[in-house]
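Protein sequences, first through last, are from chains D and F. Mapping of the first sequence onto this note's numbering: position 248 corresponds to residue 248, and the numbering continues sequentially without gaps. Just remember that this note's numbering sits 1000 ahead of the position in the second sequence, which is counted from 1.
It is worth saying that the hints were derived from the structure and are not from the lab. Possibly wrong hints are sitting among the right ones.
In silico BS3-like cross-links for lysine-lysine, where the CA-CA straight-line distance does not exceed 27 Å [claimed, not checked]:
{"#": "1", "chain 1": "F", "residue 1": "LYS1066", "chain 2": "F", "residue 2": "LYS1136"}
{"#": "2", "chain 1": "D", "residue 1": "LYS101", "chain 2": "F", "residue 2": "LYS1159"}
{"#": "3", "chain 1": "F", "residue 1": "LYS1066", "chain 2": "F", "residue 2": "LYS1138"}
{"#": "4", "chain 1": "F", "residue 1": "LYS1159", "chain 2": "D", "residue 2": "LYS63"}
{"#": "5", "chain 1": "D", "residue 1": "LYS221", "chain 2": "F", "residue 2": "LYS1159"}
{"#": "6", "chain 1": "D", "residue 1": "LYS221", "chain 2": "F", "residue 2": "LYS1106"}
{"#": "7", "chain 1": "D", "residue 1": "LYS101", "chain 2": "D", "residue 2": "LYS63"}
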Amino acid sequence: MSGHLFARAPRLDIDSVLTDPSVRIIVCTGAGGVGKTTTAAALGLRAAESGRNVCVLTIDPAKRLAQAMGLSSLDNTPRQVPGVCAPDGSGSLFAMMLDMKRTFDEVVEGHADPERAQQILSNPFYQALSSSFAGTQEYMAMEKLGQLHLRAEDEGTWDLIIVDTPPSRSALDFLDAPERLGSFLDGRFIRILTAPARGAGRGIGRLAAMGFGIFTNVLNKILGAQVLADLGTFVAAIDTTFGGFRERADATYALLKDEGTSFVVVAAPERDALREAAYFVERLRRDDMPLAGLVLNRMQQVDDPELTAEQAAAGAQLLTEQAALDPSLASRNELTSALLQLHAQRMQIAERQLRLADRFAAAHPGVSVTTVTALAGDVHDLDGLREVGDLLAR
Amino acid sequence: MTERLWPDVVMHVVSGKGGTGKTTVAAAMALALAREGRRTLLIEVEGRQGIAQLFDTPPLPYEERKVAVAPGGGEVWALAVDPQEALLDYLETFYNLKRAGAALRKMGAVDFATTIAPGLRDVLLTGKAVEVVRRKGKGDADAYDAVVMDAPPTGRIAKFLNVNSEVSGLARVGPIRNHADLVMGVIASPTTAVHLVTLLEEMPVQETIDGVAELRSEGLPVGGIIVNMTRPPMLTPEQMAHATAGTLSVGEITAALESCGLGAHEDAIVPALLREAADHAQRVALEQRERARIAELDLPTFELPLLGGGIDLGGLYELAGILRDGGMG
Chain D
1 MSGHLFARAP RLDIDSVLTD PSVRIIVCTG AGGVGKTTTA AALGLRAAES
51 GRNVCVLTID PAKRLAQAMG LSSLDNTPRQ VPGVCAPDGS GSLFAMMLDM
101 KRTFDEVVEG HADPERAQQI LSNPFYQALS SSFAGTQEYM AMEKLGQLHL
151 RAEDEGTWDL IIVDTPPSRS ALDFLDAPER LGSFLDGRFI RILTAPARGA
201 GRGIGRLAAM GFGIFTNVLN KILGAQVLAD LGTFVAAIDT TFGGFRERAD
251 ATYALLKDEG TSFVVVAAPE RDALREAAYF VERLRRDDMP LAGLVLNRMQ
301 QVDDPELTAE QAAAGAQLLT EQAALDPSLA SRNELTSALL QLHAQRMQIA
351 ERQLRLADRF AAAHPGVSVT TVTALAGDVH DLDGLREVGD LLAR
Chain F
1001 MTERLWPDVV MHVVSGKGGT GKTTVAAAMA LALAREGRRT LLIEVEGRQG
1051 IAQLFDTPPL PYEERKVAVA PGGGEVWALA VDPQEALLDY LETFYNLKRA
1101 GAALRKMGAV DFATTIAPGL RDVLLTGKAV EVVRRKGKGD ADAYDAVVMD
1151 APPTGRIAKF LNVNSEVSGL ARVGPIRNHA DLVMGVIASP TTAVHLVTLL
1201 EEMPVQETID GVAELRSEGL PVGGIIVNMT RPPMLTPEQM AHATAGTLSV
1251 GEITAALESC GLGAHEDAIV PALLREAADH AQRVALEQRE RARIAELDLP
1301 TFELPLLGGG IDLGGLYELA GILRDGGMG
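Chain D on its own, in the form it takes in the complex (with noise of 0.2 Å):
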């Protein structure tokens, strides 16, 4: 195995990076189904044993996983899970599921006064975009985790707080959903619309009055009348309380880039997750954003590297020649058999891991790793939790 690239990668060392206390927040990214909210909890749990108070943002959990947080609502505030802290006392965990709807209705209700703050909830096009735009899920990760955070600097309830992303299309919607939305509500668009209720042609040029009508047109006539009017009124009511959806976006991205941040990448070694992996961290790079290093999940474990599948085969081969010509050996030499057969599998699958792993560690020389072989049965529990979290720092 030594002469695989992925085992000269550094060492991801989780310990250092949960125990440091600069660091503040944690975010865990990557494809769906590679086990991303798995190892948010169980960092969560880890850090609280080790003596941090941490509050665990999850989007989707599966409702064992959400059960063995103790989570069996979904009523969008951190809930404390009952006997987690460290040997000496210190340390405490919390855990979330995040209501998306309930939290963009808190934000509208916490920045217009009631009377407004109604017309925006019971708008239809509010309504719309608040339970099922693709992008809101992400927008009101980042806000909970914003509000989380100020919460965090506020009272110090926690100084850790560990967030699961959402199960996108892709990893990068977490970062770009919001900016995406900001700058559709405070947008050109938005402005054209609302131009007539400001007042017609004030603003926008002759000829742009000219395109807003074919515009309008085309509008009224796709969408319907009533979606426009829906639209419009929403427009309105928001504009003038928000002021800044975007400010509030860029105030959120900009918490993603402080120092204080981490972003772990997890991955399977499949061809998918770990494109999806690299994806995630040339962005980050790009972005300037700080990545503690790639969680390499669901790894085949091999127990002796000194049989090789090579030297396995061979001998389940030969052991089935001498049973063909020496019955009496075929009981014992079948058993054998099958367990090297067995072995030589196991070991071309981690092979093939391998190598997977190795073009993520050419592609990118200095990005930390650390793997988890994979568990027969799912995470049920505070103990499977804790399971996987020694793996992740071994």
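Given the coordinates of chain D, assemble chain F onto it according to the supplied hints.
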């Protein structure tokens, strides 16, 4: 020949939890359906260019391209649907408005429609698939015999397909609503089948079970379950029972290793083999439990093996053969 399970289905939608290999399965399905000189179209809607990577072709444009031939002269075509292009396409087809596209784009309206406006993006994507399904080729024959869509993951599939309820918040009446109704008419009909891909692991199986329930409650037609990347048991049930109980005969294994020339490191090798056997037995038992849960769904089920060398074009043909033998196509 095996009886065809879905002789009347034209649109096959393939979903699955992330990491289950749904793009691979969708591609194998498109190959399987392209039997006996038929033409199938494989559609990608998430902008990943996964199809191009599988078939080892350059990134797909918003244009139908032939990516593979099937045994017997069939053809697989592929299309990566981009929502922005689909919008301009839609404007041209229905309103003859292609030239307004540039102006709309400049105003930010295209971006609005394809990324912000709730549900619109999905109607555009599913709408394009439906347009292909309804399209006629020469002599009024269908342009494609079957369309396979590599769709969003199980967690979002019901919402993605149920475009009616998606746009209802946005448009209660009007052209968009009419368009959504038309799209829904095809998706919810017996000519569509939604297949779910899973692994024999707890979380993907649970998502599959939840996904089937959700699809059914939304009145969407559920097709089959494709269990992907299965590994056959390497030991007999009796051997596995011994492996779990720790009662495999160390003496026998040692003797056999010596007789085949692997005696040198037997002190390290024997315990390793025993651990691996116990681990294997545990995994097989977990897989059996998940297999039983899938069987309870009482849906046509396919099992596709994990291919040792990873997925290449040869592997896709192999998987397509298994699907075809099982009644797909």
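Cross-check of the supplied hints:
no., hint, verdict
1, F:LYS1066 <-> F:LYS1136, "18 Å, holds"
2, D:LYS101 <-> F:LYS1159, "16 Å, holds"
3, F:LYS1066 <-> F:LYS1138, "18 Å, holds"
4, F:LYS1159 <-> D:LYS63, "20 Å, holds"
5, D:LYS221 <-> F:LYS1159, "26 Å, holds"
6, D:LYS221 <-> F:LYS1106, "19 Å, holds"
7, D:LYS101 <-> D:LYS63, "20 Å, holds"
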